[in-house]
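J.: All chains, please: the whole structure from these sequences, using the hints.
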Amino acid sequence: MKTKQVLKGRRYRDWSEIANAAHIGYGFIKRIYKYYSGFAHSDALAASQIFSAQTKDDQVSHAEIHLITIMFALSK
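Taken in order, the sequence shown gives residues 1 to 76; the numbers are from this note's numbering.
Derived by calculation from the structure, the hints in this document are not laboratory data. Built from N, CA and C at the ideal position, the CB exists for glycine as well. Check each hint, because a few of them may be wrong.
No farther apart than 16 angstroms at their CA atoms in a straight line, the calculated lysine to aspartate or glutamate pairs in the EDC-like style are these [said to hold, decoys possible]:
id, residue 1, residue 2
1, 34, 14
2, 4, 14
3, 30, 17
4, 30, 14
FRET-style restraints, in silico, Cβ to Cβ [unchecked claim]:
id, residue 1, residue 2, range
5, 14, 69, 15 to 23 angstroms
6, 51, 6, 35 to 43 angstroms
7, 58, 36, 36 to 44 angstroms
8, 25, 50, 25 to 33 angstroms
T.: Below is the structure:
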C-alpha cells in the first residue's frame, strides 16, 4: 500500500513506526520534524535567530542547538 502511494506521488510517513525504530518518543519526533521542516523550507526562524544575535557568543549558542539536535538524531 505504501509503495503504491509513493509511486502515485503521495508521500507517506508512519511517525509512530519511525519513532519506535529510533527509540524516540512519538511527540518528540513530530516536534523536531516540524521545526526542521520550517528551517529547511525557509520560514527563516532559525536563520533570523542566528543573524539577529547581539554577540558572536549568542550566534554560536543558537547554532549549537541545531548541531546538538542533529547529533542526537544521528546517534539514534
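J.: Determine for every hint whether it applies to the structure shown.
T.: Now for the hints, and whether the structure bears them out:
Using a Cα cut-off of 16 angstroms, the hinted pair residue 34 and residue 14 holds, with the two alpha carbons roughly 15 angstroms apart. For the suggested pair residue 4 and residue 14, the alpha carbons sit about 15 angstroms apart, so the restraint of at most 16 angstroms is met. This hinted pair checks out: residue 30 and residue 17 have alpha carbons roughly 12 angstroms apart, not beyond 16 angstroms. Of the pairs offered as hints, the one joining residue 30 and residue 14 holds, with about 11 angstroms between alpha carbons and a cut-off of 16 angstroms not exceeded.
The beta-carbon spacing between residue 14 and residue 69, approximately 22 angstroms, falls within the hinted interval of 15 to 23 angstroms. In this structure, residue 51 and residue 6 meet the distance hint of 35 to 43 angstroms, their C-beta atoms being roughly 37 angstroms apart. At about 21 angstroms, the CB distance of residue 58 to residue 36 disagrees with the hint of 36 to 44 angstroms. The supplied range of 25 to 33 angstroms is met by residue 25 and residue 50, whose beta-carbon atoms lie about 27 angstroms from each other.
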